[in-house]
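Visitor: Required output: the full structure, derived from the provided sequences and hints.
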Amino acid sequence: MVFANDFAQCDGKLRVYSVGHAEKVKKADAFVICYGKDVYLIDGGHTDTYHGLSFLLGIRKKYLKKHKELIHDIDCKLRINLIVSHFHVDHVEALISNIAVNAFIDIADVYLPDRGRIPKEYLNYTKDSEAKYRPYLMKILEDLHPRAIVTTVGFGEENVTEIANGDLSVTFYPFPFDPFSESYLKYMCDIYAKLALSENGIADTRTKASTYALNAGSMWVSFRLGENTFLFTGDTMKRLESCDGEALDIMLRTYRDRIGNVTVLKYVHHGFARDAAAPLMLSMSPRYVVMTTQIATAEQAMRALSPDTDIKFVNSGLQTVLFECDKDSGTELTYIEE
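So the sequence shown is numbered by our numbering: it starts at 2 and just counts up by one.
Incorrect hints may have been included.
Claimed, not checked - In silico DSS-like pairs for lysine-lysine, Cα to Cα no more than 25 Å straight-line:
id	residue 1	residue 2
1	K27	K38
2	K313	K38
3	K66	K78
To be verified - Each pair of labels, with its calculated beta carbon distance range:
id	residue 1	residue 2	range
4	S284	L71	42 to 52 Å
5	E122	G59	40 to 50 Å
6	D311	K140	46 to 56 Å
7	D191	E333	24 to 34 Å
8	L334	G59	40 to 50 Å
9	I150	V102	15 to 25 Å
10	K187	D311	39 to 49 Å
11	Y336	D191	40 to 50 Å
These aren't lab readings, by the way, just hints derived from the structure by calculation. Beta carbons: idealized from backbone N, C-alpha and C, even for Gly.
Guide: Below, the structure written as structure tokens:
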């Protein structure tokens, strides 16, 4: 079978596009990564945002530009590798509702985080989006993409998964334990109970605890080419308190040394400056910080801590941005006219 990818330009460049625009919604994550003939999609955005799909179809059209006789051939699809950080609506609903079901898209390799299960006593207080979206995606893959190979990356640092694609390495970092474990949910309930009591006198925060457990359990993924590292963090943001009261991010504490410094960092939870995220993000010495919401507060928080920082803050809430590099060059940023 011929895929549109077969006509891609193989120039050794890694191109990372942030396409999860948030015109009608506050936040939406979707990233398209192109390297040679391979196209990766990280998440897919909210159902109200069609930028991910339109961008992928635009890549297909570009690949087939000199082969117009194939453009309307339903068999000449754009083949993508799919990565899901976690199963929340603003990350996977557009993927499920319009990308994965499009006739011109073929899904090859799929990488999913492990399945966390919300305890029964929490289900009266929150929606289990894992139980809704994961089976739906698996059904689409079974029916429409029977050649897709699905890899579920289990919880625990022993399950870090790395794949090589020529000079490019892609690494998946799972949450170190089940974020829906009783002890972790209790920990987050304690955090939110204090906030809720101080704000409105309500102590039962099981909705937030279980919702943010799914956020916190987001799978991280890095793309490394030469000296350039791109780190995508999903919505992970929760912290553990150390004995001296210092805020520590679980994922960063687990993988900081392994990941090293990064060139482009997708700010946790779209770019909302919550918890201890700002100092933790600064500790990774990024050159660029990407925020995927129109109302990001991350830049203010990071500049408050480091007024002289030379980090370039990039908001893709309304505009597609491109990061481009090869194994011998640094990363350059381009804003794409739409």
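Visitor: Are L334 and G59 spaced within 40 to 50 Å by their CB atoms?
Guide: Hint violated: Cβ distance 20 Å, outside 40 to 50 Å.
Visitor: Given the hinted pair K313 and K38, is their alpha-carbon gap at most 25 Å?
Guide: 29 Å, violated
Visitor: Looking only at beta-carbon atoms, does the pair D311, K140 fall within the given range of 46 to 56 Å?
Guide: 47 Å, holds
Visitor: Hint says 42 to 52 Å; check whether the CB-CB distance for S284 and L71 agrees.
Guide: 48 Å, holds
Visitor: Is 40 to 50 Å a correct range for the gap between the Cβ atoms of Y336 and D191?
Guide: 43 Å, holds
Visitor: Holds or violated: 15 to 25 Å for the Cβ distance of I150 and V102?
Guide: 19 Å, holds
Visitor: Return holds or violated for the Cβ distance of E122 and G59 against the range 40 to 50 Å.
Guide: Because 47 Å falls inside the window, the suggested range holds.
Visitor: Has the given pair, K27 with K38, been kept, meaning a C-alpha gap of at most 25 Å?
Guide: Given pair K27, K38 is violated - Cα atoms ~33 Å apart, limit 25 Å.
Visitor: Confirm or reject the claim that K187 and D311 have a C-beta distance inside 39 to 49 Å.
Guide: 41 Å, holds
Visitor: How does the Cβ-Cβ distance of D191 and E333 compare with 24 to 34 Å: does it lie in that range?
Guide: Between D191 and E333, where Cβ atoms are some 45 Å apart, the hint is violated.
Visitor: Would you check the hint for K66 and K78, treating anything up to 25 Å between C-alpha atoms as holding?
Guide: Holds, at about 14 Å.
Against the hints set out earlier in the document, violations occur for numbers 1, 2, 7, 8.
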